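Trainee: Chain by chain, the residues run as shown.
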Amino acid sequence: MSTLLETENLSIAFGGITAVDQVSLAVAPGQIHSIIGPNGAGKTTLFNLISGLYQPSSGRVKLAGEEVTGLPPEQLARRGLSRSFQNLQIFFRMSAVENVMVGCHRHERTGILSHLLALPNVRAENRNSREIAMAQLARVGLADLAEKEAGSLSYGALKRLEIARALATEPRILLLDEPAAGCNPVETEEIDRVIHDVAKAGIAILLVEHDMRLVMRISDEITVLERGRKLVSGKPEAVREDPRVIAAYLGTFGSEEANRA
Amino acid sequence: MERLLRNRWALVVALALILAALPLVFPSNYYFRVAALVNIFALAAIGLNLLMGYAGQVSLGHAGFMGIGAYAVAIGASRFGLNGAVAMLAGAAMAGLLAFLVGRPILRLKGHYLAVATLGLGLLISMVLTNEAGWTGGPDGMAVPRLELFGTRLRGPDTWYMITAGALVLGVILALNLIESPTGRAMRAIHDSEIAARVVGVDVAAYKLKIFVISAVYASIAGSLMAFLNGHITPDGTAGFLRSVELVTMVVLGGLGSVLGAIVGAAMLVILPQALTIFHEYEHLLLGLIIMASMILLPRGVIPSLLARLRGGGA
Numbered sequence: 105m106s107t108l109l110e111t112e113n114l115s116i117a118f119g120g121i122t123a124v125d126q127v128s129l130a131v132a133p134g135q136i137h138s139i140i141g142p143n144g145a146g147k148t149t150l151f152n153l154i155s156g157l158y159q160p161s162s163g164r165v166k167l168a169g170e171e172v173t174g175l176p177p178e179q180l181a182r183r184g185l186s187r188s189f190q191n192l193q194i195f196f197r198m199s200a201v202e203n204v205m206v207g208c209h210r211h212e213r214t215g216i217l218s219h220l221l222a223l224p225n226v227r228a229e230n231r232n233s234r235e236i237a238m239a240q241l242a243r244v245g246l247a248d249l250a251e252k253e254a255g256s257l258s259y260g261a262l263k264r265l266e267i268a269r270a271l272a273t274e275p276r277i278l279l280l281d282e283p284a285a286g287c288n289p290v291e292t293e294e295i296d297r298v299i300h301d302v303a304k305a306g307i308a309i310l311l312v313e314h315d316m317r318l319v320m321r322i323s324d325e326i327t328v329l330e331r332g333r334k335l336v337s338g339k340p341e342a343v344r345e346d347p348r349v350i351a352a353y354l355g356t357f358g359s360e361e362a363n364r365a
Numbered sequence: 465m466e467r468l469l470r471n472r473w474a475l476v477v478a479l480a481l482i483l484a485a486l487p488l489v490f491p492s493n494y495y496f497r498v499a500a501l502v503n504i505f506a507l508a509a510i511g512l513n514l515l516m517g518y519a520g521q522v523s524l525g526h527a528g529f530m531g532i533g534a535y536a537v538a539i540g541a542s543r544f545g546l547n548g549a550v551a552m553l554a555g556a557a558m559a560g561l562l563a564f565l566v567g568r569p570i571l572r573l574k575g576h577y578l579a580v581a582t583l584g585l586g587l588l589i590s591m592v593l594t595n596e597a598g599w600t601g602g603p604d605g606m607a608v609p610r611l612e613l614f615g616t617r618l619r620g621p622d623t624w625y626m627i628t629a630g631a632l633v634l635g636v637i638l639a640l641n642l643i644e645s646p647t648g649r650a651m652r653a654i655h656d657s658e659i660a661a662r663v664v665g666v667d668v669a670a671y672k673l674k675i676f677v678i679s680a681v682y683a684s685i686a687g688s689l690m691a692f693l694n695g696h697i698t699p700d701g702t703a704g705f706l707r708s709v710e711l712v713t714m715v716v717l718g719g720l721g722s723v724l725g726a727i728v729g730a731a732m733l734v735i736l737p738q739a740l741t742i743f744h745e746y747e748h749l750l751l752g753l754i755i756m757a758s759m760i761l762l763p764r765g766v767i768p769s770l771l772a773r774l775r776g777g778g779a
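These protein sequences, in sequence, are chains A and B.
Our numbering runs 104 ahead of the 1-based position in the first sequence.
Our numbering runs 464 ahead of the 1-based position in the second sequence.
Next comes chain B alone, as it looks inside the complex (with noise of 0.2 Å):
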C-alpha cells in the first residue's frame, strides 16, 4: 500500500480512474459541479503545495493569482473578443509575469515577514478587481462568456467536471515530473537546508522565483476553470483573501509536501461544508471542530499522517 502511494504512475493512473468512475455514481448534476470544484481547488492546492511543501516558502495571497486567471477569461471574451482558451493561457502568462516580478523582492523574506508580503500582494490583486469597476464590474463581479472550443460552446457541469477532471490529472502529472527532476531535488533541498543546498552549487534565489511563478500558474489556470464552471465572477469569490487563507488550509490539511495530500484538502475544505448544510446552523462550528480535530490527529496533514502510520512509526 505505502509503495502504491509512493509509485508516481500507481498513483496518476488511480487517480484517473476514480475521476472517470465518479460520474456514474453522480446521482444529479449538483454532485458533478461539487466535484469540478474540488478538481478545480485541488489544482490550485498542488501549485501551491509545491511552494509551500517543497521549497518551504509560504504565500497568503495565492488567491490573488486564482483571480488573475478567472478576471482574464472572463475581461479577455467580453472585451477583447478572446476565445476563453487563449484568454485562459494569456491570463497564465499575466500571473506568472507577475509573479516573476514580484517574486524576486519578496522571497528574500522568510517565514512570517514573507507571509504578511504575500498577503499584501493577494490584498492588492484583490482591491484592483474591486476598484477597477470598468473593466471588471466592481465588487458585484461580471459574467464569464461561456467557453467556445472547435465550435461547440461548453456548457453544464457534467461537462466542466470532465474538463476539469482532465485538468487536475495533467497538473497531477507535471508537478510529480518537477518533483522527481533537478529541479525537484533543489527544490526540496532548499526546504531543509539553504545553506547547504549553496554549498553545493543550487542558485536558492532562482529556484524560489521558478516555484512561485510555477505555482502561481497553477493557480491562474484553477482560477479560470473556475470562471468558466461558475459563470460569473466576484473578486471576493475568486482573489479574497478568505480563498487565500482556504488555499493554504487545504495544503497544510491534506499535508504538505504530498501530491496526493493537496487533493485530498481540497475535497475535504469544497464537501465538507456543502455536506454540513443538513446541520443548519451549527455548520460552521462542526467545520471548524472537523479541522481541528484532523490537524490533532493527523498533525502532519492527513496524508503525510496516515503513511507515517502504515509505516508503523506513529504519525
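Here chain A stands alone, though its shape is the one from the complex (with noise of 0.2 Å):
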C-alpha cells in the first residue's frame, strides 16, 4: 500500500506549549485512519496543521510523496486535500446545492469577465457544476433538501452537507473533524455508511471523532493523541486492548473525578 499523505515530527508550539509535538504518521489511499485521544490532546491543532491552517514549527508534510508543509489551504485543495470542521464553518446564505457547488470552484475554469456577460460557457460551467453538487449531495443522502437555505437545515444535515462540499473538490485525502458529534443515533449511522462509501473510492480518510464505537468500527489504523503526543498507533484491536491508552484515558477520566470531589 502507498502512502498518500504523511507527517514527519510534525510540531507546533503555541507560548511555549508544545500543542502538537513530533507527530508522525501516514495514510494510503482508501485507508481510514482515526485519530483519537483525551480532549486538549492536539486532535484539532494536528488537523489544522496538516490543511494549513497553521504553520508547523518544525516537521514536515507530504501529499502524494511532494512536501507540502506551509502551503495555504486553498493550494492544498488544489492538490487534493479538503476537510470538514468541528464547529460548523457552513455559508449559511446559500442554499445546500451552492454550498457544494463552491466545493467544484477549483474545476471551473471561466473568467471573470465572462462571468460578468454570463456567456455560455458560463452557464455551461453552471450547469456542470450545479450536477456534480447534486450528486455529491445524493452521496450524503441530502438530495432532497438541495434548494433549501444551508441556515434553515438540522445540524445533522449540516454535518453531511460539509462532507458534500469537501467531496465536490475531488479530494485524494479528506480530512473530517468529529462529523458525528452532536448527531444522533440515525445521523450517526449515515456518517458511517457515507465515510465507507468515500473510502471505497479510494479517498484517504483522516478522522477525528469522539464516538468510540464509531471509531472501532469503521478505523483501519487508529493513532491515540496525548498532550501533543503520539502515545499509541495500530490497528483498532490493538489500541483497544493497550495498556497505555486504557491509562490514558482512565487518567483523565480519573483526574475530572478528582476534581469534583
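These aren't lab readings, by the way, just hints derived from the structure by calculation.
Only a predicted model underlies this, so the values are computations on that prediction, with no experimental measurement involved.
The beta-carbon is built from N, C-alpha and C at its ideal position, and this holds for glycine as well.
Hints are supplied without guarantee of correctness; some may be wrong.
[To be verified] Which stretches of chain A does chain B cover? Using the computed rule of at least three CB atoms under 8 Å from a CB of chain B, they are: (1) 173-187; (2) 190-202; (3) 221-233; (4) 329-341.
Dock chain one against chain two, each of which comes alone in its own frame, and use the hints as you go.
Mentor: Here it is, written out as C-alpha cells:
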C-alpha cells in the first residue's frame, strides 16, 4: 500500500506550550485512519497543521510524495486535500446545493469577464457544477434538501453538507473533524455509511471522532494522541487493549473525578 | 411575488419597463434630473453592494472612485481634448488600477480596520483633487465639457436620464450575472466563512481584490455620469467623505446583498432630501427620523426585510 499523506515529526508550539509534538503518521488511499485522544490532546490542532491553517514550528507534511509543509489551504485543496470542521463552517446564506457548488470551484475554468457577461460557457459550467453538487448531495443523502437555504438545515444535515462540499473538490484525502458530534444515532449511522462509501472510492480519510463505537467499527488504523504526543498507533483491536491507552483515558477520567471531589 | 423578485430576468425586465415608463409621468425637467441622479447613485451603490453585501468587505472611501471618474471626464476633455466617452473609460481604468494597487495591502484588514483604511483612501483622493488646483480648479471645482457622440452634443436632463437609465440596466445585468457565476459563489462564500472557502480551494485574497476593482469601476462610471449631468464638479460633491457615507447608507438602508435593495436605497437617499424641502428647517430632522425608522422597522434593509415578511418569517 502506497502512502498518500505523511507527516514527519510535525510540531507546533503556542507560546511555550507544545500543542502537537513530533507527530508522525501515514495514510494510504482508501484507508480510514482515526486520531483519538482525550480533550486537549491536540487532535484539531494536528488537523489545522495538516490542512494549512497553522504553520508548523518544525516537521514536514507530504502529500503524494510531494512536500506541502506550510502551503495555504487553498493550494492544498488544489492538490487534493480538503476537510470538514468540528464547529460548522457553512455558507449559511446560500442554498445547500450552492454550498456544494463552491466545492466545485477548483475545477471551474471560466474567467471573471465571462462571468460578468454570462457567456454560454459560464452557463454550461454552472450547469455542470450543479450536476456534480447534486451528485455529491445524493451521496450523503441530502438530495431532497438541495434548494433549501443552508441556514435552515438541521445540525446533522449540515455535518453531511460539509462532507459533500469537501467531496465536490474531488479530494485524494479528506480530513473529517468530529463528523458525528451532536448527531443522533440515525444520523451517525448515515455518516458511517458515507465514510465507508468514500473510502471504498479510494479516498484516504483522516478522522477525528469521539464516538468510540464508530471509531472502532470503521477505522483501519488508529493513532492515539495524548498532550500533543503520539502515544500508540495500530489496528483498532490492538489499540483498544493497549494498557497505555487505557491509562490515558482512565487518567483523564480519574482527574476529572478528583476535580469534582 | 417572491419568486418574481428572485428571478433575475424578471427583475431586469421590470426595471427596464419602469425606467422607460417614468418619462411619461414626469411633468418637468427637474424630475428628469432627480431621476437621473437616482440612476447614477444606484449604479455606484450596486457596485459597493457587490463588495459589502456579497463579499462582506466594507469601504468607507468609495466616493473617491466616483471622484476619479468625474475628474477623468472633466480633465480628459478640457486639457487633453479626449472625447468624453473615451475619458470615461480611461477614468474607469484608472479607478480599477488604483483599486488593484491599493486593494492588495488593505483588503488583508478586516472589519473596522478595513473601514478606517478605506476611509483614508477616500480622504486621500479628495485631498489630491482639492490641492491640485492647477488641474482640478481646487475646492471650487471645474466645468465639465459636454459629451459629444456621433456629432451631437448630449445636453438636457431628459437625455441624461435616458443614458443613465441605460447604464443602470446594464449595471444591474452585469451584477446579477456575476452573482450567479463561479465568482459570485466564491464571493458569497467568503462572506459567510473565509476558512471554509479556503479549504475548498477559493483564493480569498484574489477574490476580494477582484470585487474591490469591479466595485471601483462601477463607482467611477457613476462619477463620470454625474459629471456629465451636472456640468460642473467639486471635490466634495464627487469624492467627499460625506458622499462615501451616503453610498454606504444607500446599500445598508436598501439591503445588503440585494441588487434591487441598492436601487431602492439610492432612490430613498436622493429623492427624500428633495421631497422634504417643503418642510424647510425640519428637512434634515425628518430625513434622519425616516432613516432611523426604516432601519428599526426593516432591520435587514428595505428589500431583504420585505422579502422575509413575504415569506412569512418576519423581519
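Trainee: Hints the structure violates: just list their numbers, smallest first.
Mentor: 4
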